[in-house]
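Asks: Take a look at the letters that make up each chain.
Number of protein chains: 2
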Amino acid sequence: MSLDVTATKPHERLAEALAPEMEAVNLMIRDRMSSEHAPRIPEVTAHLIEAGGKRLRPMLTLAAAKLCGYEGPYHIHLATTVEFIHTATLLHDDVVDESDQRRGRPTANLLWDNQSSVLVGDYLFSRSFQIMVETGSIRVLGILADASATIAEGEVLQLTAARDLTTTEDTYLKVIRGKTAALFSAATQVGAVISGADESVEKALYDYGDALGIAFQMVDDLLDYGGTEAIGKNIGDDFRERKLSLPLIKAVAKSDADEMAFWTRTIAKGKQVEGDLEAALDIMRKHGALDDTRDEALQWAAKAKACLAEVPAHDIRDMLSDIADYVVARIS
Amino acid sequence: MSLDVTATKPHERLAEALAPEMEAVNLMIRDRMSSEHAPRIPEVTAHLIEAGGKRLRPMLTLAAAKLCGYEGPYHIHLATTVEFIHTATLLHDDVVDESDQRRGRPTANLLWDNQSSVLVGDYLFSRSFQIMVETGSIRVLGILADASATIAEGEVLQLTAARDLTTTEDTYLKVIRGKTAALFSAATQVGAVISGADESVEKALYDYGDALGIAFQMVDDLLDYGGTEAIGKNIGDDFRERKLSLPLIKAVAKSDADEMAFWTRTIAKGKQVEGDLEAALDIMRKHGALDDTRDEALQWAAKAKACLAEVPAHDIRDMLSDIADYVVARIS
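Residue numbers (my numbering), protein chains in the order written: chain A, 549 to 880; chain B, 549 to 880.
Not one of these hints is a red herring.
One copy or two, it doesn't matter: identical chains are merged, so the pair holds either way.
20 Å max Cα-Cα, derived DMTMM-like pairs, lysine to aspartate or glutamate:
#: 1; residue 1: 722; residue 2: 584
#: 2; residue 1: 817; residue 2: 661
#: 3; residue 1: 834; residue 2: 804
#: 4; residue 1: 851; residue 2: 718
#: 5; residue 1: 851; residue 2: 873
#: 6; residue 1: 802; residue 2: 717
#: 7; residue 1: 817; residue 2: 786
#: 8; residue 1: 602; residue 2: 569
#: 9; residue 1: 722; residue 2: 843
#: 10; residue 1: 614; residue 2: 746
Since the hints were made in silico from the structure, they are not lab data.
Working from the sequences, and respecting the hints, build out all of it.
Replies: In structure tokens:
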């Protein structure tokens with residue numbers, strides 16, 4: 549590898565390798581988010597979709613198809629579909645979480661209203677199925693319908709587990725498999741399916757997406773507490789929203805009676821006062837909850853890389869391996 | 549026809565003729581609304597689905613399949629799918645409209661929260677696509693994905709047209725084709741498609757569902773102003789929510805300057821005071837807006853019946869014809 553290649557970030561290298569395909573995906577996104585009758589739809593969609601997300605999920609689909617040697621046109625459709633499902637869930641998430649910021653900009657529910665976010669999300673979700681239908685592949689439809697159901701189930705589970713101090717790591721894993729990993733694994737799997745890849749390759753790419761998605765979400769949840777070191781800014785959202793994410797679950801499991809009283813007040817009852825976040829972080833550090841979360845995230849990233857052993861050698865395969873490192877780079 | 553048959557209502561006769569199939573649909577609904585991980589999902593779904601709606605939409609699918617001579621198992625799947633899509637849209641509608649009553653009971657968003665309504669709606673929507681996939685029919689998936697997109701588009705259009713006094717009857721028709729007729733016409737069409745019916749029969753059943761759905765919504769919108777005669781109870785929701793439904797659009801079109809000032813204050817600006825609903829009704833009656841809406845609804849019901857001429861003679865066909873009369877019975 550030459551110096552100028554290693555100087556760029558893994559997802560930028562992948563984006564470069566897939567540039568013509570991503571260009572086609574961006575064109576299809578713009579084309580299909582339009583609505584003849586309701587101009588509010590492309591307005592809301594454009595606000596979110598053009599805010600400069602990394603497009604990691606559609607890139608995973610394109611990458612999987614490319615390394616499986618796909619030569620047809622439908623990887624573009626599937627990547628578009630994956631991005632539409634992702635955008636629909638973001639719109640609905642922001643309503644559910646009553647968020648006012650996303651990707652550094654005001655959320656759609658703040659700029660327009662909750663109604664628009666709910667309905668435009670529904671529209672994009674329907675649109676994604678329309679685009680899938682064009683591929684003519686019932687298997688692909690089944691995989692993405694399953695993923696969509698798993699996403700919604702994970703979100704509901706997260707909602708009902710919030711504030712519940714008895715939430716286990718097992719439940720946490722189900723939540724993040726739903727809300728995050730299901731779309732990662734479906735994204736890579738459909739790339740393999742549309743290419744007619746061997747079952748072992750399809751499974752390896754599914755497992756890669758699953759492990760990558762889990763690592764991705766664990767990193768997100770760790771960074772919400774500022775990572776393992778210095779306290780960054782904008783941390784503590786999960787604490788304030790009383791979400792039982794992995795660092796908190798790990799800390800609760802090792803807490804003594806006084807610490808449990810603290811969690812009961814701040815999380816179960818939601819009576820938070822100034823200084824509570826710092827106190828929570830002290831308890832987490834004392835029990836190694838942040839370090840343990842970090843270790844688990846690194847293990848999932850390593851697992852993602854290991855899955856790629858089953859996939860044929862290819863430049864793109866190496867980039868996917870680097871993506872797994874990249875996802876955990878902010879905490880390692 | 550014997551007296552005891554004519555004594556029952558058309559939708560009850562249809563339900564009786566389709567009793568074994570509806571039983572299978574109800575079983576499948578209960579089976580598929582479950583969730584291994586998130587018990588909140590069946591709780592919310594059951595609240596709505598067991599509140600005793602008439603199940604008109606799934607019955608339309610079963611009726612279409614039966615009169616096309618279908619003998620396979622998938623009409624049950626499709627009827628379940630149609631009811632799930634309908635239930636998902638009701639859950640989201642109640643969030644969008646901030647409703648507190650549905651079918652005479654508190655809404656799910658009131659009993660649980662908006663979050664649950666949004667996410668359980670998403671789950672049911674995904675579930676409906678999973679069930680469609682089981683039929684193996686890409687055409688059916690395409691029809692229902694199109695219908696879902698049209699529903700969401702109609703809802704967004706209704707949202708952006710609210711409070712806008714320049715809304716035309718043409719826009720109104722687009723809104724109700726989306727929010728109501730799209731699922732009626734898809735329900736009847738997929739019954740024909742799964743049966744391998746002739747194109748002319750499929751089109752006739754599609755057109756029947758479309759006209760029936762339009763008549764159904766116009767009746768609903770007329771009854772929201774108490775129908776053409778006495779003022780009932782619970783009327784005026786659309787007026788208070790400033791929705792541009794047909795009676796209002798027709799009245800606005802014929803209003804003089806004073807009346808326009810009234811609409812501008814009450815609808816465009818939303819400054820409503822005691823007695824405004826009665827004043828609105830007076831203007832509507834003066835311009836014949838309620839009678840004209842009634843006439844249009846009756847015309848669409850007649851159109852629905854006329855479409856059935858293209859469909860083979862069958863007991864069920866006669867019942868569908870009676871359903872069209874039944875839908876407008878409350879206003880004729």
